[in-house]
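Residue numbers (my numbering), protein chains in the order written: chain A, 1 to 237; chain B, 1001 to 1180; chain C, 2001 to 2269.
Honestly, the hints are just simulated from the structure, not real lab data.
Computed from a predicted structure; not experimentally measured.
Yeah, the Cβ is synthetic: ideal placement off N, Cα and C, and Gly gets one too.
Incorrect hints may have been included.
What the hints assert, rightly or not - Stretch by stretch, here's where chain B covers chain A in the computed footprint (C-beta under 8 Å, at least three residues):
#1 41-50
#2 65-73
#3 178-191
#4 198-205
#5 210-220
As the list claims (entries may be wrong) - Straight-line alpha carbon distances no greater than 35 Å define the calculated DSBU-like cross-link-like pairs of lysine-lysine that follow:
#6 C:Lys2204 to A:Lys233
#7 C:Lys2181 to C:Lys2035
#8 C:Lys2204 to C:Lys2035
#9 A:Lys146 to C:Lys2181
#10 C:Lys2158 to C:Lys2181
#11 A:Lys233 to A:Lys146
#12 C:Lys2035 to C:Lys2081
#13 C:Lys2081 to A:Lys233
#14 B:Lys1115 to B:Lys1134
#15 C:Lys2035 to A:Lys233
#16 C:Lys2204 to C:Lys2181
#17 C:Lys2158 to C:Lys2204
#18 A:Lys233 to C:Lys2158
#19 A:Lys146 to C:Lys2035
#20 C:Lys2149 to C:Lys2181
#21 C:Lys2158 to C:Lys2081
#22 A:Lys146 to C:Lys2081
#23 C:Lys2149 to A:Lys146
#24 A:Lys233 to C:Lys2181
#25 C:Lys2149 to C:Lys2204
Said to hold, decoys possible - Pulled a few chain C residues facing chain A out of the computed Cβ check, cut under 10 Å:
#26 Arg2062
#27 Phe2078
#28 Pro2086
#29 Ser2089
#30 Leu2102
#31 Thr2104
#32 Ala2107
#33 Ser2136
#34 Gln2139
#35 Asp2142
#36 Pro2161
#37 Arg2176
#38 Ala2177
#39 Lys2181
#40 Ser2192
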Amino acid sequence: MTPGMFDLLGFGPQGWGLPLLQAAGITISAALCGFLLGSVFGIGGATLKLARSPVLRLIGQAYTTIFRGVPEILVVYLFYFGGSVVLTTLLNTGGFPGFYSLPSFVMGVFAVGIVSGAYQAEVYRSAYLRLDRGQIEAGASCGMSKFLLLRRIIGPQTLRFALPALGNIWQSALKETSLLSVIGLTELLRQAGTAAGSTRQPLLFYAVAAAMFLVIGRMTGAVLGRMENHLAKPWRR
Amino acid sequence: MDREGPRRTVSRHPLLLQIFLIYYGLGQIAPLRHSALWPFLREPYWCAILALALNTSAYTAEIIRGAVQAVPAHEIEAGRACGMSGFLLRRRIIWPIALRQGLAVYGSEAILMIKATSLASIITLTELTGIAHKLISSTYRVFEIFIVTGAIYLALTFLMSTAFALFERQLHAHHAHRRA
Amino acid sequence: MASVNRSVVAHNTPAVPAISVNDLHKRYGTVEVLKGIDFRAHDGEVVSILGASGSGKSTFLRCLNLLELPSAGRLQIFGEKVNLRPSGSNLRIGDRNQVDRLRTQVAMVFQNFCLWSHMTVLENLMEAPVHVQRRSRGQVRDEAEAMLKRVGLIDRAKAYPAQLSGGQQQRAAIARALVMKPRVLLFDEPTSALDPELVGEVLKVMRDLAAEGRTMLIVTHEMAFARDVSSRIVFLEQGRINAEGLPQELFRGGVSERFDQFIARFNQG
């Protein structure tokens, strides 16, 4: 007798419930790490793009143009294969022959992060440009140091202006983690594929994976929406 | 408020997942497998196209809705005041204005589509990224291949955005004197 | 130095002036906005700085808080020389810490209020004392609340700037400056961005402060206020001090032809 749908998705011996949930956990953690790493790249990129020196501005511009214009999957290949090429070359010249590769989670997070950062850089930059110069000046006139200004005035207000667009970028990062299946990371899509292959039920498992992506997206979206609402409070009349 | 245009709420599914669902999933439906469509749905090429089209159509609908809603009410009223209504009002007033409003957002969606075609390589379609992947696996010259492939994609997206910009300028020709 | 039309002899007060400026210049590219200003303000003085738009009066005030860096000249605050070092054809800050410290002593009130929009009124008041001056939070809160009571805003302590009227915002901004316990208050056209019916409430607060004996430098277009409240008027024209003196004498006329024209234009308009 072939197992029914609930056996396949359950937590029993024939069930794929637990592996799928674990895979969802990997999807979420890869997306979260990628997005946070992307914030670092994004803030760096925005700083470069806002720099006074034309050379720095050009570097920032090149970063955002390249990583927003090139398909994400290509960036994933670049990091995964490029990473192991660099590592292998380094270790071989250091006297350790053989072939080495890096964990797909780490390289995948880097790929998601660098792409996400390119988009975030644009968002932070335009949010910064929307700041009221007068309020920054008011801070300076009270004797605030540059760091204090950044921490108390510029940072919180930039975040507030950036948050709606950052929500979209988070959703993209979440979706991009599915590309890490091609470098062997057992995230949601790959786990669904494995299950589909061994049960010959691709429709069921891919639909379940789609539903899980939807739920994760909705839930995190709701959290971000709440944050946005909270941070927008001071601007409501 | 949000400069990114209408929010992409519609497609929260990864495109790769949609491609798999169509490429691997549809074969599970027996009636479909015996239908006249099967010769197409068996092919990675048509599956990729179907997935891309489904993926972008939902968002495009959103863009169109936003653009039509953004047509200023007073321009519609002015049209009505001239005795226009129904199809004439849409064809002469609403749609042309909406086209101008929605074009920029649609342009960035078109660029996203160019990038999205790269995913077809996963279901064995040897397009640009597919070739790049093959070359990387056989030669391991990751950086050279990335630079060349990336440059081709950048050139394509640049061409696309230039085409949209030209089209937009054409449409906005009546504003040209303002800019001057 | 260009001759200054003075109605009274310069001060004979021996004390160290609160602010002392020597031969201050400010250039933007090739345009010279301030062309050598000599100025002194003593403790307890209320000095109104008048002038047509473009006369350099706002720039001058902003130089005193170092929001603008002078291109040349010397600046002393409470006898302490502000460390400015030359860089090209301009001056740069020589000692950041000194500037940050002096700025809390010379507080600024802006034309556009410039309250921090992500903080409540009370948080706006507490920000600099807690984070710049590093005073204890509890004590600062008490003082901030007392200050809000003074300017009549205690019931709006938890409101955000966007929820206040312009007049309320400016009163809050004045309170924010006061909580730092500055020795000098600079006002840069504090009522120019306000609807006419809101000007009075802000001027009243300023009047009270002047009556308390605060040291105040005010760039303003409120002529009646300048005449009634200031202890001294400085009239700037094209980047120079054209006339200086007691308000009643300057406003009586005859001290400076330019000033008389300026007032006449004002009364017509």
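A quick look at each hint next to the structure:
1. 41-50: Violated, because only 0 residues of the segment 41-50 of chain A bring their Cβ atoms closer than 8 Å to Cβ atoms of chain B.
2. 65-73: It holds: at least three residues are needed, and the segment 65-73 of chain A offers 7 whose Cβ sits within less than 8 Å of chain B.
3. 178-191: holds (count 5)
4. 198-205: That given contact holds, which follows from 4 residues of the segment 198-205 of chain A lying within Cβ reach (below 8 Å) of chain B.
5. 210-220: holds (count 5)
6. C:Lys2204 to A:Lys233: Roughly 31 Å separates the two Cα atoms, so the pair holds.
7. C:Lys2181 to C:Lys2035: The given pair, whose Cα atoms are some 32 Å apart, holds under the 35 Å limit.
8. C:Lys2204 to C:Lys2035: Holds - the C-alpha atoms of Lys2035 of chain C and Lys2204 of chain C are around 34 Å apart, at most 35 Å.
9. A:Lys146 to C:Lys2181: Cα-Cα ~22 Å, so holds.
10. C:Lys2158 to C:Lys2181: 22 Å, holds
11. A:Lys233 to A:Lys146: 26 Å, holds
12. C:Lys2035 to C:Lys2081: 21 Å, holds
13. C:Lys2081 to A:Lys233: 44 Å, violated
14. B:Lys1115 to B:Lys1134: Given that 35 Å is the threshold and the Cα spacing comes to 18 Å, the pair holds.
15. C:Lys2035 to A:Lys233: 46 Å, violated
16. C:Lys2204 to C:Lys2181: Judged against 35 Å, a Cα distance of about 20 Å means the pair holds.
17. C:Lys2158 to C:Lys2204: 23 Å, holds
18. A:Lys233 to C:Lys2158: 12 Å, holds
19. A:Lys146 to C:Lys2035: 30 Å, holds
20. C:Lys2149 to C:Lys2181: It holds: about 16 Å lies between the C-alpha atoms, which stays within 35 Å.
21. C:Lys2158 to C:Lys2081: With Cα atoms ~40 Å apart, Lys2158 of chain C and Lys2081 of chain C exceed 35 Å; violated.
22. A:Lys146 to C:Lys2081: With a Cα-Cα distance of about 22 Å, the restraint between Lys146 of chain A and Lys2081 of chain C holds, given a limit of 35 Å.
23. C:Lys2149 to A:Lys146: 32 Å, holds
24. A:Lys233 to C:Lys2181: 30 Å, holds
25. C:Lys2149 to C:Lys2204: 14 Å, holds
26. Arg2062: 9 Å, holds
27. Phe2078: Violated, about 15 Å.
28. Pro2086: With a closest approach of 20 Å, the Pro2086 of chain C hint is violated.
29. Ser2089: Since the shortest Cβ distance to chain A is 18 Å, the answer is violated.
30. Leu2102: Check passed: Cβ of Leu2102 of chain C comes within 8 Å of chain A, closer than 10 Å.
31. Thr2104: Thr2104 of chain C check passes; min Cβ-Cβ to chain A is 4 Å, inside 10 Å.
32. Ala2107: 7 Å, holds
33. Ser2136: Violated: closest Cβ of chain A sits about 18 Å from Ser2136 of chain C, beyond 10 Å.
34. Gln2139: 18 Å, violated
35. Asp2142: Interface hint status for Asp2142 of chain C: violated (19 Å vs cutoff 10 Å).
36. Pro2161: Interface hint status for Pro2161 of chain C: holds (8 Å vs cutoff 10 Å).
37. Arg2176: 8 Å, holds
38. Ala2177: Because about 8 Å separates Ala2177 of chain C from the closest Cβ in chain A, which is inside the 10 Å limit, the hint holds.
39. Lys2181: 12 Å, violated
40. Ser2192: 13 Å, violated
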